[in-house]
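Read top to bottom, the protein sequences are chains A and B. Each residue of the first sequence is one higher than the one before, counting from 3 in this note's numbering. Each residue of the second sequence is one higher than the one before, counting from 70 in this note's numbering.
Worth double-checking, as some hints may not be accurate.
To be verified - Quick list of the computed label-pair ranges, beta carbon to beta carbon:
1. A:S28 / B:T155: 37 to 43 Å
2. B:S151 / A:Q99: 46 to 52 Å
3. A:A31 / B:N95: 40 to 46 Å
4. B:P152 / A:Q82: 21 to 27 Å
5. B:P152 / A:D80: 22 to 28 Å
6. B:Q72 / A:D60: 46 to 52 Å
7. B:P164 / A:A31: 18 to 24 Å
8. A:Y41 / B:D125: 16 to 22 Å
9. A:S75 / B:K138: 40 to 46 Å
10. B:P152 / A:S22: 36 to 42 Å
11. B:E131 / A:S22: 24 to 30 Å
Claimed, not checked - Some, not all, of what chain B presents toward chain A, calculated at C-beta under 10 Å:
12. E70
13. V73
14. E131
Hints listed in this document are in silico derivations from the structure and should not be mistaken for laboratory results. All values reported here derive from a predicted model rather than from experimental measurement. Where a beta carbon is used, it is the ideal one built from N, C-alpha and C, also for glycine.
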Amino acid sequence: QKEVEQDPGPLSVPEGAIVSLNCTYSNSAFQYFMWYRQYSRKGPELLMYTYSSGNKEDGRFTAQVDKSSKYISLFIRDSQPSDSATYLCAMSGRGNQFYFGTGTSLTVIP
Amino acid sequence: EAQVTQNPRYLITVTGKKLTVTCSQNMNHEYMSWYRQDPGLGLRQIYYSMNVEVTDKGDVPEGYKVSRKEKRNFPLILESPSPNQTSLYFCASSPRTGASNQPQHFGDGTRLSIL
Chain A
3 QKEVEQDPGP
13 LSVPEGAIVS
23 LNCTYSNSAF
33 QYFMWYRQYS
43 RKGPELLMYT
53 YSSGNKEDGR
63 FTAQVDKSSK
73 YISLFIRDSQ
83 PSDSATYLCA
93 MSGRGNQFYF
103 GTGTSLTVIP
Chain B
70 EAQVTQNPRY
80 LITVTGKKLT
90 VTCSQNMNHE
100 YMSWYRQDPG
110 LGLRQIYYSM
120 NVEVTDKGDV
130 PEGYKVSRKE
140 KRNFPLILES
150 PSPNQTSLYF
160 CASSPRTGAS
170 NQPQHFGDGT
180 RLSIL
């Protein structure tokens with residue numbers, strides 16, 4: 003079983019829609035959770051970083067962590083064509099390694 | 070500008086010919102790491118380094134070497150490359166704050182093709 007599971011999509015939505023991206027994980031020791039956005043031919047860039055359970059909001063982006071269900075989500079409100087990219091979840095525990103999902107490809111149609 | 074710089078960005082080479090991919094960061098970060106990204110497998114950690122002269126294996130270290138002689142540099146070495154090492158490689162760095170794992174800054178990647 004993979005440490006982190008993420009639906010690869012692709013996901014296609016109209017401009018202005020609310021987008022929901024999700025990851026599940028198996029290691030209960032994970033306590034640091036991240037979402038990255040990756041454009042074609044570029045490295046991942048950090049969108050959101052949360053510690054333990056709860057919600058965090060930054061502009062149009064909201065990250066949720068449910069440690070009891072081992073489930074994390076990223077919501078994008080009022081999606082824009084510039085949000086079209088691959089979204090990667092990542093997590094880490096007390097150790098020094100990071101584990102990434104395979105990424106979800108998102109296209110926002112004008 | 071804060072950045073992680075990888076070189077080369079693209080490389081086509083042949084089996085068995087030793088190669089080095091360089092990585093340099095200008096943010097004085099303690100933690101540096103190498104990943105490979107493959108379709109359907111996502112980003113997988115190859116090696117990481119907590120600080121100068123401290124390196125550890127990630128999930129897929131076979132066939133790779135690293136060194137950390139200076140804080141800013143973390144080269145990835147393929148002593149005898151094979152076609153299954155054809156991939157997109159990323160270097161990343163982050164500060165270490167106590168026991169927390171801070172999110173990483175990534176370079177723009179090196180696309181490596183081994184024939």
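For each hint, the structure was consulted:
no. : hint                       : result
1   : A:S28 / B:T155: 37 to 43 Å : violated (29 Å)
2   : B:S151 / A:Q99: 46 to 52 Å : violated (24 Å)
3   : A:A31 / B:N95: 40 to 46 Å  : violated (33 Å)
4   : B:P152 / A:Q82: 21 to 27 Å : violated (40 Å)
5   : B:P152 / A:D80: 22 to 28 Å : violated (45 Å)
6   : B:Q72 / A:D60: 46 to 52 Å  : violated (22 Å)
7   : B:P164 / A:A31: 18 to 24 Å : holds (22 Å)
8   : A:Y41 / B:D125: 16 to 22 Å : violated (30 Å)
9   : A:S75 / B:K138: 40 to 46 Å : holds (42 Å)
10  : B:P152 / A:S22: 36 to 42 Å : holds (38 Å)
11  : B:E131 / A:S22: 24 to 30 Å : violated (37 Å)
12  : E70                        : violated (14 Å)
13  : V73                        : holds (8 Å)
14  : E131                       : violated (16 Å)
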